[in-house]
Amino acid sequence: MTKAMEIVKKARSDDKITGRELIAQIFPDFIELHGDRLGSDDPAIIGGLATLNNKAVTVISTDRGHSAQERIARHFGCPTPGGYRKSLRLAKQAAKFHRPIIIFVNTAGAYPGQEAEEQGQGAAIAQNLLQLGNLPVPIITVIFGEGGSGGALALACGDRVLMLTNSTYSVLSPEGFASIMYRDSSKAAQAAEIMQITPESLKKYQVIEEIIPESANHNQTAETVKTVICQQLKELAALTPAELLAKRKQRFRQY
Amino acid sequence: MKLYQQKNTLTERRIKADKAADSKVPEGLWVRCPKCHQLLAKAQIDDYGNCPNCGAGMRISARQRLKWLVDDFAEFDQDLHTNNPLHFPNYVEKLEKMEKAAHLNDAVLTGRAQIGDVTFNLGIMDPTVIMGSLGTVTGEKITRLFEDASQNRLPVVLFTASGGARMQEGILSLMQMQKISNAIYEHSQLGLLYLTVLTDPTTGGVTASFAMDGDIILAEPHAMVGFAGRRVIEQTMHTKIPQDLQDAETVLSHGFIDKIVERKDEKALLAKLIKVGGPND
Ligand SMILES: [Zn+2]
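Protein sequence lines correspond, in order, to chains A and B.
Following UniProt numbering, the numbering of the first sequence begins with 1 at its first residue and continues without gaps.
Following UniProt numbering, the numbering of the second sequence begins with 1 at its first residue and continues without gaps.
What the hints contain is simulated information worked out from the structure, not anything from laboratory work.
For each residue, glycine too, the CB sits at the ideal point set by N, CA and C.
Restricting the straight-line Cα-Cα distance to at most 20 Å, the calculated cross-link-like pairs of lysine to any residue (SDA-like) are:
no.	chain 1	residue 1	chain 2	residue 2
1	A	Lys249	A	Leu233
2	B	Lys240	A	Gln114
3	A	Lys3	B	Phe88
4	A	Lys249	B	Asp148
5	A	Lys249	A	Gln232
6	A	Lys249	B	Ser188
7	A	Lys10	A	Lys187
8	A	Lys55	A	Lys96
9	A	Lys203	B	Asn84
Each pair of labels, with its calculated beta carbon distance range:
no.	chain 1	residue 1	chain 2	residue 2	range
10	B	Gln78	A	Ser13	46 to 54 Å
11	B	Val276	A	Asp184	47 to 55 Å
12	B	Asn83	A	Glu243	24 to 32 Å
If you want the footprint, here are the derived chain B segments under chain A, 3+ residues with CB under 8 Å:
no.	region
13	174 to 181
14	232 to 243
Between the sequences and the hints, there should be enough to build the whole structure, so can you do that?
What follows is the structure in C-alpha cells.
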C-alpha cells in the first residue's frame with residue numbers, strides 16, 4: 001500500500017470525525033435551516049446559523065449519517081442537486097447579511113443517480129461555482145474526509161480551502177481513476193500516488209492553504225479546526241469585499 | 001420530418017450495399033456512429049458530420065465544425081501547451097499525437113468569429129483530442145476567451161464536447177471549472193451574452209460548470225448531455241437506466257436546455273440569437 005492510499009483509507013474510516021460533531025463542538029448554538037425552496041431538502045447537506053466569537057456565521061456541512069437508514073437517505077454523504085441548491089440558498093442569505101460562510105466537506109462526490117441527472121446535477125453544481133464562488137463574504141472550506149470531484153469543488157470555491165491531515169481532495173476516486181487510466185481498479189494505490197491527492201501534495205500545488213493536524217480525539221481535532229478557522233477569518237475580515245473577490249479570483253486564476 | 005426519415009432510409013440502404021462491396025477497405029476509412037452504432041464510410045458523411053443512418057451529429061473536430069459555422073475566424077492562443085503538471089507518463093506524447101491530427105493545441109479552438117455583420121468570441125471543444133477533456137490549457141484558453149470578450153464587450157459562443165475532467169492533470173483539471181466560472185461571472189456582470197451549444201458528448205465537469213452557464217443553452221439532436229456516466233449511475237443504483245436519460249431531448253424536457261438545433265441551422269440561428277438575445281442597446 002502506498003502512503004497516499006493509507007490516507008485514502010483513513011479519510012474514509014468510520015472512526016472519522018463527522019460534520020455533525022464538528023458543528024456541535026465549534027458552533028454549540030447552531031440552528032439548522034432546511035430546504036432549497038425549490039421542492040427538496042437533501043439530508044446530505046446540513047446548513048444553518050451560528051455564532052463564532054459572538055459574530056454570526058452561516059455553517060454548511062455534508063452529512064453521511066450514522067445508522068444504516070440515515071446513510072441510505074443521505075446517499076452516504078453524496079449531495080443531490082437539491083443539496084447543492086440548499087447550500088447556495090443559505091450562502092446567498094449569508095451574503096445578504098454580510099455573514100462569513102464556513103463549510104465542512106466529506107463527500108465522495110455528487111450523487112450519481114437517475115433522479116439526480118433528471119433534476120440537473122450538472123446545472124446545480126455549475127450554479128454553485130458561478131454564484132457561491134462569487135459571493136462577497138469570506139468563504140472558508142475545511143475538507144475533513146474525502147473531497148471528491150466537482151461535488152466537493154461546489155463547496156470549496158471560496159477564499160480558503162483547509163484540509164485535515166487524513167483527508168483527500170481529488171478529481172476522481174483512486175479506484176475510478178485506476179479503472180479509467182489503467183483499466184484495472186485494483187491499481188487504486190498506484191493511482192492515489194500519481195494523482196497527488198494528499199494534503200501535503202495539494203499544498204505544494206497551492207490548491208489548499210493549510211493542513212490542520214488531526215487527533216484520534218475528536219474534541220481536540222474540532223478545537224484545532226476552530227482555532228484555524230478563527231485565524232483565517234481574522235485575515236479575511238481585514239479585506240474589503242472588492243479586495244476579497246479580487247484575491248479569490250487570483251486564487252483560481254493561477255491554475 | 002417525413003422527408004428526413006426517408007432520406008435516412010435511402011442512405012442506410014446505400015451504406016449497407018457499400019459495406020458489402022467495400023469490405024476490404026482499411027479501417028481508417030470507416031467510422032462507427034456513437035448513437036446508432038452503424039458502421040459508416042467516412043466518404044459518405046458530409047461536412048456537417050451528421051450520421052446518415054440516425055441523423056445524430058457525429059463527433060467532429062473543431063476545425064471541421066469551423067468550416068461551415070462562421071464566415072471569418074481569427075484564432076487565439078495557438079502557442080499554449082500543457083506542462084504536464086502531474087508528470088504523468090506518456091501523457092504529452094499521446095496528447096501531441098492527437099493535437100497533430102486535429103491541427104489544434106489542446107482540446108479547444110478559440111478565437112474571434114464573424115457571421116455576416118455579427119462579431120463574437122467563439123470556442124469549439126474538440127472531442128478528438130483526449131475526448132475534449134478539460135485540461136489546464138483548455139481551461140486557460142476558455143478563460144482567456146471570456147476575458148477577451150469582457151474587455152472588448154463581445155458575446156461568447158461556446159460549443160461543448162467533453163468526456164469531463166482531464167485525468168492526467170488531476171486536481172488542476174478540477175480547478176479549471178472554477179477558473180472558467182469566475183471569468184464567465186465577470187462577463188455576465190458586464191451584461192454580455194453567453195451562449196452554449198451542447199454537442200455529443202457533454203459530460204462530467206464540463207456539464208457541471210460552463211456548459212450549463214449559458215444565458216441561452218442550445219443542444220444538437222440526440223447529443224449526450226449529463227453529469228455522471230451511464231455505467232456509474234447503473235452501478236450506484238443497481239439497475240438499468242432509461243436509454244434516453246441523457247439525450248439532449250430528455251434534458252430539455254427536464255428544463256435544462258432551451259432549444260435543439262440541427263447543424264445546418266446553427267449558423268443562422270446563432271447570428272439571430274446574438275442580435276436579439278444580447279444587450280438591448
Ligand atoms: Zn447514427
